[in-house]
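Here the structure of chain A is known, so what remains is to put chain B in place on it, guided by the hints.
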Amino acid sequence: MVAWTAEERAFIQDIFSKLNYEEAGPKALQRALIVYPWTQRYFGSFGNLYNADAIINNPKVAAHGTVVLHGLDRAMKNMDDIKNTYAELSVLHSEKLHVDPDNFRLLADCLTIVIASTMGAAFTADMQAAWQKFLAVVVSALQRQYH
Amino acid sequence: MLSSAEKELIVEIWTKMTPVAEEIGSEALLRMFTTFPKTKTYFSHLNISANSEHLRSHGKKIVEALAEGAKNISTLTTTLAPLSRFHAYQLRIHPTNFKLFNHCILVTLACRMGDDFTPVTHAAIDKFLSAFSAVLAEKFR
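Protein chains in written order, with numbering that gives the first Met the number 0: chain A, 0 to 146; chain B, 0 to 140.
Please note that a few of the clues may not be correct.
Think about it this way: if two alpha-carbon atoms lie no more than 27 Å apart in a straight line, the pair counts; the simulated DSS-like pairs of lysine-lysine are [unchecked claim]:
1. Lys-126/B to Lys-70/B
2. Lys-37/B to Lys-132/A
3. Lys-98/B to Lys-132/A
Keep in mind the hints are simulated off the structure, nothing from the lab.
Here chain A stands alone, though its shape is the one from the complex:
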């Protein structure tokens, strides 16, 4: 069971309330594919990922980025039981998608950077700490069903 302080809950709700899912999701996924190119291995069916511009203009990448962020929304709405909320997603990522879970952290870091660049100085050190704690729980839950 993860313990959340009232302040941490408030920070996380605040960040999500300011997020445009259709913008932040795509930006985060594009960033991961550009900064950590090996992550492209999971997106063979997405077409042109040849360079940064292609990735940024790729509609499948954008659509999928939005899907990911809606997934995170579910975790935020079930913060006291992310583990079980994500049980099926975890099985999907390990059994069907075969994603190396180390890459979850990379996407999480890219999302953090997108939020930082959108919120600027409002993304304080304390907010960052709460946000990264949330993402760490999400990543851990996604990794649980790997055997």
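Just chain B, lined up with the frame of chain A:
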């Protein structure tokens, strides 16, 4: 591997950061200490609370060293040799901590540069910071 375009970009960014080395460095450190409390274990001898003298001077030192490295990317091993020895034989920091600090530098830059911190810029700086850390950790064993 850094392309020549990336090397130029890196010099450009770190030149801009040098006048605000103290602000950038201390912010990155504060983010790291807050998000990853275990990193504080290396600083029990200093006062690293927000805005402290130690935090600011230490942050400044780090960013100035990064700027120096940016100007000498092709000779990082020689340029950083003294710092490399220092980190290996005196500081003996667990190498995973370099990644944590690098991440916080990236977050600091993102906050300050907003949309200008494009994915391409992010990639170049991340590669530079990784190369820099690798040299710092080179003599660890």
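Right, here's what the structure says about each hint:
no.	hint	result
1	Lys-126/B to Lys-70/B	holds, 15 Å
2	Lys-37/B to Lys-132/A	holds, 14 Å
3	Lys-98/B to Lys-132/A	holds, 17 Å
Hint compliance for this structure: no hint is broken.
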